[in-house]
Each structure stands twice: as C-alpha cells, then as structure tokens.
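Undergrad: The lines below spell out each chain.
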Amino acid sequence: MSHTLHRCGVPEELKKDFVVFSMSAKTVNAPGSGEKMKRFFEILSRFPSTNFGDVKTGSRYNADWQTIHDRFRDQSVAHYVFTDRGTVAQALRELKQADLGLSVIVSGLFGEIEAICREVGLPVHTVQYSGGVLGRTERLPPGPVLAITTMCGHGLVSARLVEKLARQVKRGKKEASAAAAELARPCMCGVFNVERAERLLREIAERQEG
Amino acid sequence: MLIDPERCRCCGDCLALCPMNAIRLFAPDRAAGRPAHAAIDRDECVECGVCFRSAVCPQQAIREEDLPWPRILRKAFSDPVFTHPGTDIPGRGTEEMKTNDVTGRFRPGFIGLGLEFGRPGIGTRLRETEAAIRRLLPLGVVLEPNNPLTQLIADPATGALRPEVRDEKVLSAIVEALVPEEAFDRILAEVRAIAAEADTVISVGVIGKVAADGRVPAAEAMRRAGLPPSANGKVNVGLGRPLYPF
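Protein chains in written order, with this note's numbering: chain A, 10 to 219; chain B, 1308 to 1553.
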C-alpha cells in the first residue's frame, strides 16, 4: 500500500532505518505546497542522512541536492533517510516549529517512533502496519536479500542484482560501499537506506559459497 | 522496453538489473544472420524502466517505446516516475494514510486494508487482483475510488475488470479498501483463502487512526484475526493542518 511499508529485517537492524517524508493532499492543501516542500527539504538537509530524493528527479545517487530541491512542485513527495533516532527527533522538532501544515510521515520501528513523538510532543495520528506476505512465499529470495530489495518499496531493486554485487564484494572486486551505492540507483524516491544495504551486503557475501 | 539487436553486443550487463528477470541472452543464429544478443521477454516485462534509466548499456541499445493501451498499464503500475492520470501520484497507490491528518480518510471505526499483489519482487497479472475483488465485494468492503486498479473495474457490482487488461503484468497492484472494524476478522479469513489460491505473493497493509486514549483499534483487530501487527511501519505524526477536526 505504500513505498516505505513492508521493509523486511530484524529489529536490531531496523533500529537504524528511518524514512521521514512529506506529502500534500491533492484535494486540500496541494496548491502552493511546492514551496513548502522545498522548505521541508531544506530543514532536513541540516541533519546527517544516508539518502534523500523525490521520485520525479531521483535520489542523491541520481541527482544533486540542488536539482532535486529546485524541481519540487505542488504534488511532489520529499524523502530523507536517517540512521538514528536522535537525528529523527531533532528533525521532527524543527519541522514542528516550522509548522508547514503539510503531512509528515515517519517509517521505522513503531516503538522508536512512538518514543520520538512523546519526546517531541507530536501525536501518533494514524498508523500503517504490515501484515506480512501471503501467497507464494516460496518464490521469495532469502531474508537478507529481501531486507535489501524491500527498501525500495516500488520493487525496482532486483534480487539478482543484490546477489551479483554481493559476489563481487566477496571476491574483492568491489567495495561494499560502492555496491550499496549501485543498488541505490534504481530506487528513484531516495528511500533506500544505503548504510544498511552496505551492512547487509557484507552479511550476504560472507554466507555466499565460493 | 526494447533492446535493439543491431546495437546489442551481448555483454549481459543489463541482465541482473531487471526486477522481473525478463532479459535473456540468445546465442548467434547463423542461418538467420543474427549475432548473439540480449532480448526482453515482452510478456514478462512490466515496463518499469529500470534497465533504460540505468544507462548500463554501453551501446545504448535499450530503448523505450510508445506503449499502446492496455500495455501502457504496465508502466502506470510499475514505473513510479510515471504519474497515473487518475491519482496524480507517481506509482500504483494513493495518498492513503500519508495525508490522513489532513483528509480524514481513515476515521475511527474503520480500517484501511491494502492487498498489494506481486510485492515484493514477484509481479502479478491484473487478473489475480480481479479474483480477489470479486470475492471481497460481497463482504461489504468499500474500494478506494481513486486507486488506479479500482478505475479499471468495468462492473462495480461484481468487480469484473475490463477484459482487455486482465493479462497485463505489473510489478504490483493494490486492492485498497475501507473495512468496518467489526468485519475485519471475516474479511481477513477471505483474504487468506484468496492468497492460498493466488499465483503470486500478496503484501498485506493495515491502516488505523489512533484513538484519543492511545489505543490502536486496527492493531487489536489484527491480533484478534491472528495477524500480528508488524514491529515496523509508518506513522503519520499529525503535522498536517486538518480540513476539519476528527
């Protein structure tokens, strides 16, 4: 139902995976929201992040920050990916103060987000859970591969590419960081957590035979 | 999406990029005068655009093409860079809970149910979603009118899709519905039966407004139905200015 839902992984790993993004409502507050979206993007840019983007222009691995920023329009959706809760709390505090009037959504572990909301004084207004995967689950790739591919909720990162790059990492042909950056490119929204992908790639490489 | 066989040098660099594994290598055919080359299986290709955008091909042999109806639906559902004209949103979904603090689409007493066919990474024919819609409608679910899939329904009474779209393959398509809280158990039992017969995977998403006392009735309904809520997911933190209080 959504591009930042259904991110697979173990809780210890997911603790370092937060997506903060904003969206306007087409029938209510979309007119004039492009400038507010730019402001949202500017505020979040002050914090250390592992990725950012907007699907229409791409992520930090497809375009530079200024280009992404300048192309925001009234129905753009801006995303930032953070790796620690302290940063998310600070970012939300600043967004609260800015009072842009646009919806802000945080993806991550519910326990962490609820604690952040309490700390910052924000409500947990509406939630979306994953009920898991039903049906032909035997066709899915192994857990750590799935943990990487599901970081692009539009399904644009292929399992085969993950396995190919993990092999290159194992054979010393590519650094895990470079492989993670390569995996981030198909994900146009910029919600792909590159630091997490790097850790998972190392884990997959270690388990691969030969 | 096409690979120009005249330009392709069969290096194979594009193969792993395809989320649907739809690119294949072909040995040279001397009788036909064709060299070794890569080609896209058009029946399996969902027009997501990953191979083209990657610029991986050193020969620029990968090309986009003008897609006629109904093939254009593959792109509309699978390529998030393409904005669906029915939603004005890139991709196959809607605003759903992301703007609920502003729109009030999900109110107390109701649960949002999203059945995303084909996700993660398997893909689906649209006919799989039709089978589910046909079985869920009699149970009283209300389909989201702005969802791109709902817009393909030819008969709102039965949920039948337009016949020409049924065999189109997409990365994923979402049956988005509003369900009365008290009906969640019954509907989820039917979802499990649908999944048992599906030829793909279905990612289940559940949306709920948080009550004033902090309870999450949607999570309680999930537990009652034997579907444990996930440890991670999405939270709308209520910074949007509401259209009206709810």
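Simulated from the structure, these hints should not be mistaken for laboratory data. Don't take each hint at face value.
To be verified - Covered stretches of chain A (chain B as the covering partner; in silico rule of three or more C-beta atoms under 8 Å from a C-beta of chain B):
| # | stretch |
| --- | --- |
| 1 | 14-26 |
| 2 | 41-55 |
| 3 | 91-101 |
| 4 | 128-135 |
| 5 | 177-189 |
| 6 | 193-205 |
As the structure is a prediction and not an experimental result, all values here were calculated from the model. We treat Cβ as the ideally placed atom computed from N, Cα and C, and that holds for glycine.
Undergrad: Which of the listed hints are broken here?
TA: Those not satisfied are hints 2, 3 and 5.
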